[in-house]
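4 protein chains.
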Amino acid sequence: MRLGLIGLGKMGFHLGLNLMEHGHEVVAYDLSSDAVRRFTEAGGRGAASVAELADTLPAPRVVWLMVPHGKPVDDLLTAITPRLAPGDIVIEGGNSHYQDSVRRAAELKERGIHFLDVGTSGGIEGARHGACYMVGGDPDAFAQVEVLFRDTAVPGGYLYTGPSGSGHYAKMVHNGIEYGMMAAIGEGFEILEKSRYDYDFAALARVWSNGSVIRGWLMELTQRAFEKDPKLAGIRGVMHSSGEGKWTVQEALELQAAAPVIALSLLMRYRSLEDDTFTGKVVAALRNEFGGHAVERA
Amino acid sequence: MRLGLIGLGKMGFHLGLNLMEHGHEVVAYDLSSDAVRRFTEAGGRGAASVAELADTLPAPRVVWLMVPHGKPVDDLLTAITPRLAPGDIVIEGGNSHYQDSVRRAAELKERGIHFLDVGTSGGIEGARHGACYMVGGDPDAFAQVEVLFRDTAVPGGYLYTGPSGSGHYAKMVHNGIEYGMMAAIGEGFEILEKSRYDYDFAALARVWSNGSVIRGWLMELTQRAFEKDPKLAGIRGVMHSSGEGKWTVQEALELQAAAPVIALSLLMRYRSLEDDTFTGKVVAALRNEFGGHAVERA
Amino acid sequence: MRLGLIGLGKMGFHLGLNLMEHGHEVVAYDLSSDAVRRFTEAGGRGAASVAELADTLPAPRVVWLMVPHGKPVDDLLTAITPRLAPGDIVIEGGNSHYQDSVRRAAELKERGIHFLDVGTSGGIEGARHGACYMVGGDPDAFAQVEVLFRDTAVPGGYLYTGPSGSGHYAKMVHNGIEYGMMAAIGEGFEILEKSRYDYDFAALARVWSNGSVIRGWLMELTQRAFEKDPKLAGIRGVMHSSGEGKWTVQEALELQAAAPVIALSLLMRYRSLEDDTFTGKVVAALRNEFGGHAVERA
Amino acid sequence: MRLGLIGLGKMGFHLGLNLMEHGHEVVAYDLSSDAVRRFTEAGGRGAASVAELADTLPAPRVVWLMVPHGKPVDDLLTAITPRLAPGDIVIEGGNSHYQDSVRRAAELKERGIHFLDVGTSGGIEGARHGACYMVGGDPDAFAQVEVLFRDTAVPGGYLYTGPSGSGHYAKMVHNGIEYGMMAAIGEGFEILEKSRYDYDFAALARVWSNGSVIRGWLMELTQRAFEKDPKLAGIRGVMHSSGEGKWTVQEALELQAAAPVIALSLLMRYRSLEDDTFTGKVVAALRNEFGGHAVERA
Chain Z
1 MRLGLIGLGK MGFHLGLNLM EHGHEVVAYD LSSDAVRRFT EAGGRGAASV AELADTLPAP
61 RVVWLMVPHG KPVDDLLTAI TPRLAPGDIV IEGGNSHYQD SVRRAAELKE RGIHFLDVGT
121 SGGIEGARHG ACYMVGGDPD AFAQVEVLFR DTAVPGGYLY TGPSGSGHYA KMVHNGIEYG
181 MMAAIGEGFE ILEKSRYDYD FAALARVWSN GSVIRGWLME LTQRAFEKDP KLAGIRGVMH
241 SSGEGKWTVQ EALELQAAAP VIALSLLMRY RSLEDDTFTG KVVAALRNEF GGHAVERA
Chain D
1 MRLGLIGLGK MGFHLGLNLM EHGHEVVAYD LSSDAVRRFT EAGGRGAASV AELADTLPAP
61 RVVWLMVPHG KPVDDLLTAI TPRLAPGDIV IEGGNSHYQD SVRRAAELKE RGIHFLDVGT
121 SGGIEGARHG ACYMVGGDPD AFAQVEVLFR DTAVPGGYLY TGPSGSGHYA KMVHNGIEYG
181 MMAAIGEGFE ILEKSRYDYD FAALARVWSN GSVIRGWLME LTQRAFEKDP KLAGIRGVMH
241 SSGEGKWTVQ EALELQAAAP VIALSLLMRY RSLEDDTFTG KVVAALRNEF GGHAVERA
Chain W
1 MRLGLIGLGK MGFHLGLNLM EHGHEVVAYD LSSDAVRRFT EAGGRGAASV AELADTLPAP
61 RVVWLMVPHG KPVDDLLTAI TPRLAPGDIV IEGGNSHYQD SVRRAAELKE RGIHFLDVGT
121 SGGIEGARHG ACYMVGGDPD AFAQVEVLFR DTAVPGGYLY TGPSGSGHYA KMVHNGIEYG
181 MMAAIGEGFE ILEKSRYDYD FAALARVWSN GSVIRGWLME LTQRAFEKDP KLAGIRGVMH
241 SSGEGKWTVQ EALELQAAAP VIALSLLMRY RSLEDDTFTG KVVAALRNEF GGHAVERA
Chain Y
1 MRLGLIGLGK MGFHLGLNLM EHGHEVVAYD LSSDAVRRFT EAGGRGAASV AELADTLPAP
61 RVVWLMVPHG KPVDDLLTAI TPRLAPGDIV IEGGNSHYQD SVRRAAELKE RGIHFLDVGT
121 SGGIEGARHG ACYMVGGDPD AFAQVEVLFR DTAVPGGYLY TGPSGSGHYA KMVHNGIEYG
181 MMAAIGEGFE ILEKSRYDYD FAALARVWSN GSVIRGWLME LTQRAFEKDP KLAGIRGVMH
241 SSGEGKWTVQ EALELQAAAP VIALSLLMRY RSLEDDTFTG KVVAALRNEF GGHAVERA
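Which chain is which? The protein sequence lines are Z, D, W and Y, in order.
The opening residue of the first sequence carries number 1 in our numbering; numbering runs sequentially from there.
The opening residue of the second sequence carries number 1 in our numbering; numbering runs sequentially from there.
The opening residue of the third sequence carries number 1 in our numbering; numbering runs sequentially from there.
The opening residue of the fourth sequence carries number 1 in our numbering; numbering runs sequentially from there.
It is possible that part of the hints are untrue.
Same chains, same label: a pair holds when it works inside one copy or across any pair of copies.
[To be verified] Quick list of in silico lysine to aspartate or glutamate cross-link-like pairs, EDC-like style, CA-CA up to 16 angstroms:
hint, residue 1, residue 2
1, K246, E52
2, K194, D276
3, K194, E274
4, K194, E220
5, K231, D138
6, K109, E41
7, K10, D200
8, K71, D100
9, K246, E41
10, K194, D275
11, K109, D138
In case anyone wonders, no lab produced these hints; they're calculated from the structure.
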């Protein structure tokens with residue numbers, strides 16, 4: 001299938017290679033002409049603009065967006081929509097908020113354009129060698145492009161999840177689970193690190209990757225990280241986040257769903273962004289006030 | 001290798017089959033003569049008592065315990081120790097507290113007997129077809145019986161972790177991580193279940209088991225559970241626990257390690273044991289006192 | 001001062017009495033004519049409509065709203081604004097979201113009308129005998145009506161907090177703290193209730209109300225609740241909430257502020273609304289899958 | 001009443017003054033002869049040793065211990081017990097673990113000596129001007145010395161709580177509640193501090209101390225702390241702890257009581273002791289492994 005690919009960042013670039021490896025013809029565009037050049041050097045076809053990209057595609061056009069969520073997606077949709085026609089299909093494979101996807105699907109539907117919201121998991125390696133997709137939107141549109149998902153996912157690694165928004169919603173929750181799992185793994189090694197025993201963390205992550213109840217890709221990546229840096233001495237424990245964990249907790253609040261483990265995994269990320277906390281200052285000051293306990297001076 | 005196996009419960013029985021499948025000669029004992037009979041019917045050799053079991057083993061004797069932690073282990077050690085001689089090796093593969101293992105290793109060492117504390121993961125399927133072992137204790141004793149671990153683990157699935165207690169300590173932390181991971185998965189599906197979308201949970205767990213960041217055995221088991229009961233309608237959400245999660249949190253408290261995700265996964269298990277809480281009664285009563293908010297009557 | 005009071009619910013009614021007790025002339029309106037009649041029977045003046053209420057007030061008019069947050073406030077503002085003139089002052093004393101207050105203040109400002117967002121604490125007793133106010137908005141408008149706050153608050157119990165929204169923002173955070181404090185008290189009694197000792201809870205709350213570090217109004221209310229029902233046997237531990245705790249946590253998420261204690265106090269309220277949880281079902285199912293641990297049947 | 005007082009630290013010294021102010025004759029001992037001298041300068045009587053202290057007391061002797069928990073208490077009991085006779089009463093007013101108190105009461109009972117475990121709250125100010133006591137132990141012994149509690153507590157500020165251990169148990173839970181309340185207050189100000197508004201924290205704590213639902217001594221102390229240092233700029237947010245919060249959480253674990261708010265208030269104290277966390281390093285490393293997200297270099 002010939003398709004357009006917009007966004008050649010870490011995920012989009014490798015997805016492009018993956019698509020081509022499976023015989024698809026990819027015309028790619030990125031804000032960075034460097035990225036486009038690298039893609040053409042890797043055997044792909046480049047476009048100098050969104051317009052050019054759209055014009056090279058046969059109807060019904062298939063355009064796969066792989067760009068940061070929020071304004072970039074809206075800007076691109078604004079740019080490309082005039083070039084699209086009824087029956088065309090936009091695949092939005094980034095990490096968008098599901099409510100944005102619901103809105104965008106409705107807006108494009110007014111022009112007869114299909115919009116599939118696709119949660120993509122598996123990281124960069126997945127994009128390159130076999131990803132995992134959760135796809136929401138019109139089922140017929142999904143059927144038309146299903147081959148793209150089948151070809152670039154691992155076997156069994158894609159699912160039509162239901163109406164618009166359900167793909168990104170599932171991805172949001174997936175990331176919430178991921179936050180919790182990562183925090184659990186991290187806390188486990190925190191305890192080991194403080195313990196009386198001197199474990200070989202890479203070896204422990206390796207053995208836990210083989211046959212244990214907690215085996216899985218995250219544990220394999222833990223092993224890999226420890227193999228590179230046995231005590232992670234070179235890494236600061238600052239845990240950034242890119243939105244979906246927060247959205248999951250926000251959604252839990254809306255649904256009145258008790259999700260303390262996911263919530264705490266997020267709050268501890270926020271805590272890691274601070275060198276000191278005002279909470280701590282207040283508590284230390286109070287201990288001083290009532291009990292005369294010494295405070296540490298700033 | 002000929003060895004004794006004490007404890008033919010879910011784990012021990014399947015471990016026995018696994019050992020035999022790999023050519024080891026297993027003499028097994030259990031408090032339940034039924035269990036012993038089933039084991040002999042499955043091709044094993046039974047012993048009518050701990051004494052008989054010990055007497056059938058050539059020196060140096062190897063005895064593998066697979067019984068519930070606490071008193072059962074101590075009782076068995078009391079019973080069998082008089083039958084053991086310097087150089088013999090006791091493998092304790094249950095879920096014991098590591099401090100018990102440190103103590104037991106020291107007690108047996110006074111008689112020249114080696115004690116290996118072995119954390120065993122992988123569940124019943126692992127015991128039968130390939131487990132995961134974390135082994136603490138004397139390294140020479142470990143080397144003498146390493147073949148048993150190699151044969152019954154999955155490839156790469158065993159590790160000598162260090163001095164006495166380190167095997168069970170690693171298993172304790174492993175279970176703490178497991179608690180956190182399971183809670184994260186559960187909370188994710190709780191959100192999905194309350195959401196506006198009507199997901200096929202089994203299909204979602206399947207796609208997440210294939211190529212996603214959160215793929216792993218727990219997700220595969222989630223898939224399996226949903227395939228049996230698509231909305232888990234037949235299961236009450238009462239989450240029992242068998243000790244190691246609690247020990248992990250207790251250890252975190254001793255080490256002053258902040259492990260909120262693991263701690264919360266444990267506390268929510270405790271919460272699930274209650275139909276109502278006194279905390280809730282107090283808060284509801286307070287809301288009524290200051291704001292006149294109606295309480296629900298018991 | 002003569003002023004209008006809209007909303008004669010639990011808070012508004014008692015505030016009206018409080019205002020009158022301090023010599024203010026209160027013209028009150030409520031959707032319920034019964035409420036208005038009760039207020040006139042208590043010595044107040046009633047109005048049959050918002051229009052009538054506005055018309056009885058001398059310029060500059062002062063109208064105090066004490067109604068549920070959200071639509072009721074907007075509806076009343078829509079109804080009354082045409083009757084107001086530049087220089088008039090609207091006091092909004094309910095539990096509104098601060099962003100609504102920022103918006104409303106801006107809308108009214110276009111007509112030259114002042115809008116004060118007032119967080120009100122102290123419960124029904126406070127409304128009647130001495131409340132606590134946090135007031136945001138135009139400082140001159142505040143100065144014009146400060147006497148109302150001074151007269152109806154406890155000594156020292158009102159504060160001009162800054163620009164529009166700051167009053168309701170402070171009240172929101174106040175309620176977040178309140179959630180955390182109430183949960184802490186509840187959990188303490190939960191532990192006592194499960195303990196080996198048979199405490200007299202009312203007596204304990206009484207002694208803690210006298211001289212302890214944790215003395216305060218909430219502990220006095222705890223005492224009062226236990227004096228009515230020593231084991232709270234008649235109350236179910238269902239903890240409803242009316243919004244501000246949730247807003248506090250949402251705001252913490254926006255600010256990337258780690259507020260785990262407040263967050264958990266909210267999530268445990270949500271948990272209390274459920275008889276069972278899907279999280280629990282998933283975890284119980286998983287324990288069954290890997291370890292053969294029995295589940296409880298629904 | 002003439003009594004012995006052992007321990008002239010912050011709490012003991014002020015308690016001694018308080019007792020004398022109410023007409024009691026206090027013979028005091030402390031490891032520090034300086035402390036004893038200061039006490040005699042303040043009008044008290046000093047003893048050069050535990051033995052001397054015991055010898056100056058008329059039978060039945062009353063000795064009040066106000067020393068750090070653990071070994072200091074046991075050492076003093078070992079030293080003084082030989083000087084005591086049946087019918088004598090030891091008041092232990094420190095922050096001991098209730099299980100230690102149960103043990104000590106049993107040990108002293110064998111010699112006919114009464115042991116009252118007394119949880120003392122109210123901080124240094126309370127010790128000096130009116131404390132809060134929770135008293136466990138023999139009810140007759142309590143009755144004999146009740147006057148001491150009545151005189152040095154605020155009105156209503158003492159309670160006989162039941163058998164041995166119940167006083168310190170109640171104090172332990174009191175401190176657990178205190179941890180939760182302090183964390184809630186701290187988190188509230190953390191949110192305010194990060195907010196768009198520029199609050200006067202001292203003024204806000206003052207208004208919350210007057211008429212609000214969350215008024216109480218901790219809020220008054222918050223006000224006092226902010227009056228000294230408006231943004232707590234001179235204080236680091238390192239939150240030390242002295243044991244009882246941890247004991248409360250440990251007890252909650254034993255009782256399988258879900259106390260997440262108290263637990264988190266403790267875990268965040270532990271978190272504040274660290275500049276960086278291993279949990280954070282692992283999570284940051286994992287994000288890098290699967291998504292190529294940059295880590296911050298140590």
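Next on the checklist: I want to check one pair: K71 and D100. Are their C-alpha atoms no more than 16 angstroms apart within a copy, between two copies, both, or neither?
Outcome noted: within (10 angstroms within a copy, 25 angstroms between copies)
Item to check | Up to 16 angstroms CA-CA - E41 versus K109, copy category | outcome: So K109 and E41 fail the 16 angstroms test inside a copy (36 angstroms) and across (60 angstroms) alike.
Checklist entry - Within a copy, between copies, both or neither: where do K231 and D138 come within 16 angstroms Cα-Cα? => result neither (48 angstroms within a copy, 25 angstroms between copies)
Checklist entry - Is it within a copy, between copies, both, or neither that the alpha carbon of K246 lies no farther than 16 angstroms from that of E41? => result Neither. Shortest intra-copy (38 angstroms) and inter-copy (52 angstroms) distances fail the 16 angstroms Cα cut-off.
Checklist entry - At most 16 angstroms between C-alpha atoms: does K194 with D276 qualify within a copy, between copies, both, or neither? => result Cα proximity of K194 and D276: across copies only (13 angstroms, versus 21 angstroms in one copy).
Checklist entry - How would you label the pair K194, D275 (within, between, both, or neither) given a Cα cut-off of 16 angstroms? => result between (21 angstroms within a copy, 14 angstroms between copies)
Next on the checklist: Regarding K246 and E52, is the shortest C-alpha distance of 16 angstroms or less found within a copy, between copies, in both, or in neither?
Outcome noted: This pair counts as neither: shortest intra-copy Cα distance 37 angstroms, inter-copy 48 angstroms.
Checklist entry - Given identical chains, is K109 near D138, meaning Cα to Cα at most 16 angstroms, within a copy, between copies, both, or neither? => result within (10 angstroms within a copy, 46 angstroms between copies)
Item to check | Intra- versus inter-subunit Cα pairing at 16 angstroms for K194 with E220 | outcome: For K194 and E220, neither the intra-copy (22 angstroms) nor the inter-copy (32 angstroms) Cα distance is at most 16 angstroms.
Item to check | Intra- versus inter-copy proximity for E274 and K194 (alpha-carbon distance at most 16 angstroms) | outcome: between (22 angstroms within a copy, 12 angstroms between copies)
Checklist entry - For K10 vs D200, is the C-alpha pair at or below 16 angstroms within one copy, between two copies, both, or neither? => result For K10 and D200, neither the intra-copy (32 angstroms) nor the inter-copy (31 angstroms) Cα distance is at most 16 angstroms.
Checked against the numbered hints given earlier, this structure breaks hints 1, 4, 5, 6, 7, 9; the rest are met.
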